[in-house]
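Visitor: Protein chains in written order, with numbering that gives the first Met the number 0: chain W, 0 to 357; chain V, 0 to 224; chain U, 0 to 219.
What the hints contain is simulated information worked out from the structure, not anything from laboratory work.
Any given hint could turn out to be false.
Estimated spans, in silico, between C-beta atoms of each pair [said to hold, decoys possible]:
| id | chain 1 | residue 1 | chain 2 | residue 2 | range |
| --- | --- | --- | --- | --- | --- |
| 1 | W | Gly104 | V | Asp110 | 36 to 46 Å |
| 2 | V | Val119 | W | Asp265 | 54 to 64 Å |
| 3 | W | Asp152 | U | Arg208 | 31 to 41 Å |
| 4 | W | Ser36 | U | Leu87 | 58 to 68 Å |
| 5 | U | Gly202 | W | His179 | 51 to 61 Å |
| 6 | U | Gln129 | V | Arg56 | 38 to 48 Å |
| 7 | U | Asn207 | V | Ala51 | 20 to 30 Å |
| 8 | V | Arg56 | W | His179 | 38 to 48 Å |
| 9 | V | Pro140 | U | Leu87 | 48 to 58 Å |
| 10 | U | Arg53 | V | Asp9 | 39 to 49 Å |
Over the 12 Å line for every Cβ pair with chain U, so calculated as not near, a few chain W residues [unchecked claim]:
| id | residue |
| --- | --- |
| 11 | Arg9 |
| 12 | Thr54 |
| 13 | Arg66 |
| 14 | Arg170 |
| 15 | Ala228 |
| 16 | Leu255 |
| 17 | Arg315 |
| 18 | Gly318 |
Residues of chain W clear of chain U, computed beta-carbon distances all greater than 10 Å [to be verified]:
| id | residue |
| --- | --- |
| 19 | Asp18 |
| 20 | Lys107 |
| 21 | Glu234 |
| 22 | Arg254 |
| 23 | Asn276 |
| 24 | Asp311 |
Since this is a predicted model, take the numbers as computed values, not measurements.
Ideal Cβ positions, reconstructed from N, Cα and C, are used throughout, including at glycine.
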Amino acid sequence: MITFEGVTKRYPDGTVAVDDLSLQAPTGAITVFVGPSGCGKTTSLRMINRMIDATSGRILLDDQDVRAIDPPTLRRGIGYVIQQAGLFPHRKIVDNVATVPYLLGWDKKKARARAMELLELVGLDSRLAGRYPFQLSGGQQQRVGVARALAADPPVLLMDEPFSAVDPIVRASLQEELLHLQSELHKTIVFVTHDIDEAIKLGDTVAVLRVGGHLAQMAGPATLLSEPADDFVREFLGKDRGIRRLSFVPAKGVRLGSTPADLVVDEDTRPLGWRSNGGLLPYGTFDPERDSLRAALDAALLSPNGTAIAVDGDGRVIGVATRDALDEVLAQHATGPDEQAREPDGEAPVTDPKRAES
Amino acid sequence: MNDEPLVRWDWIARNWDNGGPSAIKTLLESHVVMALLPVVFGLLIALPLGVACARWRWLYQPTAGLMNVVYSLPSLVLFSIFLSVTGLTQSTVIIPLTFFTLAVLIPAVVDGLGSVPEHVRQSAVAMGFRPLRRLLQVELPVAVPVVLGGLRVATVSSISLVSVGALIGQGGLGNLFIDGWQRQFYTPIVVGIVLIVLLAVLSDGLLVLAQRLLTPWSRARRRTA
Amino acid sequence: MNWLIDFFGDAANWSGPDGIPARILEHLEFSAAAFLIAAVIAVPLGLLIGHTGRGAFVVVVSANAARALPTLGLLVLVVLLIGVGTVLPVLIPLVVLAVPPILVNTYEGVRGVDADLRDAAYGMGLRGRQVLFQVLTPSALPLILLGLRLSAIQVVSTATVAAFVGLGGLGRFIIDGLATKTYSDVIGGAVLIALLALAVQLGFTLLNRVVVSPGVRQVR
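In isolation and in its complexed conformation, chain W is listed as follows (with noise of 0.2 Å):
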């Protein structure tokens, strides 16, 4: 757990980057801050392994004071992530993975097995291994700066916006990596980004901060998108909130009917389409034990009669979900005054208790 306690940032010029910021990233989960630039966001990031010292408060890390730990130890033991990845160019790939174990003295054999192990966690080729940074893309040396960050197991992970200067595409697959190793590593990781569709895709929590370093709100991404603390949030969030949210309500609420007779289907019972006049037309599905309310939505909306297909695991039909069944579901989930309190997916959502005098 890392904790904010009344942290404040001012510059000698008298710029105030961070203004008494107190909140806690948990252990184990993806705590993202995000915000305009000018924010604090990044500052904030930095002063957990000290890459800048707090001007006033505390940041405790399991209930040790950051300020109490020599800098270079206190890094060694938290992974840091940055944009341009920051790889050294006159080190081979796996090299640059092992950094950290070199530092902490590890014996070269081991560090450059730990390091070849990280290579491949992060979805590298082996053969990069020896390799220059210039020779990689910029999403290889972006994984490669990931696993550096974890070559010597920190529990903390820093990642300053980490995936801003790749393509979308890219930037994606990046995430979804993260994501994925995060299932595994159950990492404490704090995660700076302006974009905000970033942020509500990683994030369990997200800190939304404002310029001048202020918290806005602290929330989970649901909460976030349904119950914005204020306008700044509320613009920041920007539009289809309402759609977005979905994403995070599960589709296992939804009723589902009986297969009706005019879908087709094959041997397996996998839906091949819509019987109509002899030809077949489109359809849509989703898997209600993994799949959000949204995709329930949008597979209703892929097909022409407004029905979604509800599939299992293997893609076998396993019923229908109709117009009526999703509307019975998006009622509820309608953010009605008495909604206000209750978290769809069950999260508890973690609000600045400054919020209320704001």
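With chain W's structure known, arrange chains V and U on it following the hints.
Guide: Leaving out everything else, chains V and U in the frame of chain W:
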């Protein structure tokens, strides 16, 4: 090693303009000519050559290699070799110094043109600039700070290097060093060094001023940065 | 061409204390001494100033001074002031003129290292000294070597001029040849020095291949 003072002012007063070929004023004038002509010639040659090298990149490697070789030759070596061609004339100093200037300026022009951001070049193309006009109105102006940086180095080096020419009889103020050495007399040496450094500082200052006037935008950008 | 044949073809030029081999050795000796002293002073100083950012004005002043100060004037003045006859007074200006290229380029090399790279190095937990020696120095190596090369060339050149104030070496052929109007000696000496300068140039190009990481060489 002797009691001779570093500077005898009366000697300077007597020799500033004594009408002879060794008058300080005369030496200063020939020094300026021999130092600045190579820079002017160098710039006139380096601009088209640099533009050509920037345009046809295959030209640059051999040119840069050749310039590197020229630059590594001691000035006295080049003066000595040209002595057999041009004899005891100012050309024996001016021609080698022009080569040195080229060795500094061609890379400066190429780097300067290389410093033009690709998006600036592209947008000029997209607006319909033809190559020559793009070069004159967009690329060269943007390259000015880098080219002038090279010009400053070349000018100051040239002013100081002319004095070596004194060893082959054409050294402008450098002749004062020979004179002082032969007579074990400090004053001409000090006068020579001071005048050469002053000349260098003055020229450098003028070039800085020129850069400010020519590229007001680069100053504005630095202030905001 | 005839001068060259006269010079290199004369058997007398190949032996004795003023023969070609002896002069080459002399030239190398003085140059190497001055160069090594300059490197020992300038590389650590450049690394330190570049790393700490303190004392940058020293670099700027030395760069400008080195360019503006006339070599011949400096040599003549220092030797007259300290005394003719020994090597030390000649060595001083040689070193003084050899320091700035190394200092400036080492400083620029360290300063010019990408800020993200520094940031990542500190963020990994490297200590100041480790950042300097494990990250900044290898990245700055191409420029440090450039500085060393320019300095070595400067030394060879200054040592040539220093023949005028009594230093041995290849410059003697030029200076003495000019004094006695023996142009074959002047040209022959000039060619030998040119070859020496080119050998230095080539030596550094090869050194660059050997000591600079391919990862850094490609970036530049």
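Visitor: All hints, please: hold or fail.
Guide: Tested hints:
no., hint, result
1, W/Gly104 <-> V/Asp110: 36 to 46 Å, "44 Å, holds"
2, V/Val119 <-> W/Asp265: 54 to 64 Å, "59 Å, holds"
3, W/Asp152 <-> U/Arg208: 31 to 41 Å, "38 Å, holds"
4, W/Ser36 <-> U/Leu87: 58 to 68 Å, "60 Å, holds"
5, U/Gly202 <-> W/His179: 51 to 61 Å, "53 Å, holds"
6, U/Gln129 <-> V/Arg56: 38 to 48 Å, "39 Å, holds"
7, U/Asn207 <-> V/Ala51: 20 to 30 Å, "27 Å, holds"
8, V/Arg56 <-> W/His179: 38 to 48 Å, "44 Å, holds"
9, V/Pro140 <-> U/Leu87: 48 to 58 Å, "51 Å, holds"
10, U/Arg53 <-> V/Asp9: 39 to 49 Å, "45 Å, holds"
11, Arg9, "21 Å, holds"
12, Thr54, "20 Å, holds"
13, Arg66, "16 Å, holds"
14, Arg170, "18 Å, holds"
15, Ala228, "32 Å, holds"
16, Leu255, "51 Å, holds"
17, Arg315, "49 Å, holds"
18, Gly318, "52 Å, holds"
19, Asp18, "24 Å, holds"
20, Lys107, "15 Å, holds"
21, Glu234, "31 Å, holds"
22, Arg254, "52 Å, holds"
23, Asn276, "62 Å, holds"
24, Asp311, "46 Å, holds"
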